[in-house]
Structures are given as structure tokens and as C-alpha cells.
Amino acid sequence: MIDRESIRAIWVRLEVDGQPSLFLLTAQDGSINRQGSGSEENQDLDMFIGMTSPDVFNGLRGQATPKLLEWCGQSMSDPNPKGRVCRLAVGFVLGDGKEVGMGWQYGAEAAGPPPEVCDFVRAAVAATNPWHQQQRAMVAHGKRAHQGGAAATGA
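Residue numbers (the working numbering): 24 to 178.
Hints are supplied without guarantee of correctness; some may be wrong.
As the list claims (entries may be wrong) - In silico DMTMM-like cross-links for lysine to aspartate or glutamate, where the CA-CA straight-line distance does not exceed 20 Å: (1) Lys121 <-> Asp26; (2) Lys121 <-> Glu28; (3) Lys105 <-> Glu64.
Hints were generated in silico from the structure; no laboratory data involved.
Everything numeric in this text was worked out from a predicted model, so none of it was measured.
Start from the sequences, fold in the hints, and give me the full structure.
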């Protein structure tokens, strides 16, 4: 059994029909990466990489329940997925550098992974959303400022 206090980084990757829907990574030192929303129709392909408060990681690590961690080392695949094919992987980097994870392949119209996994993925998205939204807003503002600057100079 994995001791959750030994977790130093957490990552989640979701693909829908082979297209990226979500990637996130958060680490004990406050580093954070995020791409996508996790929705079936994700159009957010920009990857944001930066730093945030270690509280984001610590809060998420606190939600890595023993029941969730029991899935580490396992992968499941639905032989007849209903709907769009989803591939979900959740991983943890431990203090000794070892990486452990879990994975599922399932149909978007099926039950999917167990509730504790789905809850953790939703918690990961929620924990990283404020930082992700801030990054997206800065990029959008930068694009507007650049476009406005070009228009103002007649370029």
C-alpha cells in the first residue's frame, strides 16, 4: 500500500478518441502543468506550465484516499466501449522517484472508472482550475493587447 505522504507529484491524463482532453500535473514544490478541460469536446489545447502555491498539491494529495491508491498498478479496458473511446491515466511520483499509476479505457457512454477515481479526477481539475483560468486570461489579455497595439499603430 502506498503511503500518501510519500507522494511528491500527481498527474492526470485523459484522451477522447485519441485527442487530448486533459493533462495536469501538480507537485510538492508548487510546479504545475495544465492542458484542457477534461470535457469530451475539449478545444483548449494550450499547455500552461508554471508555479503556484504548494497548497494546491497538498490539498489534492489529501484526497488520495486508501481506496483510490489501491488501484495503483492496475489497468482496465472495456472490450466493447460504448460511445467515444476514453483513455484515463492517473499517476503518482513517490519520494524515492518511483512512479505508480492506474489506467482505464472505456466508452464515454459507459460507467467508466470507479467512483473514487472519478472523484479524484474531478478534484484535480477543481484544484487546478483557478490557476488554469488565470493563465488563460493572461494569454487572452496579451492577445487583445497585442491586437489593440497593432491596430493603434496602424500595423
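Going down the list of hints, with the structure as the test:
no., hint, in the structure
1, Lys121 <-> Asp26, "holds, 13 Å"
2, Lys121 <-> Glu28, "holds, 14 Å"
3, Lys105 <-> Glu64, "holds, 17 Å"
In this structure, none of the earlier numbered hints is contradicted; all agree with it.
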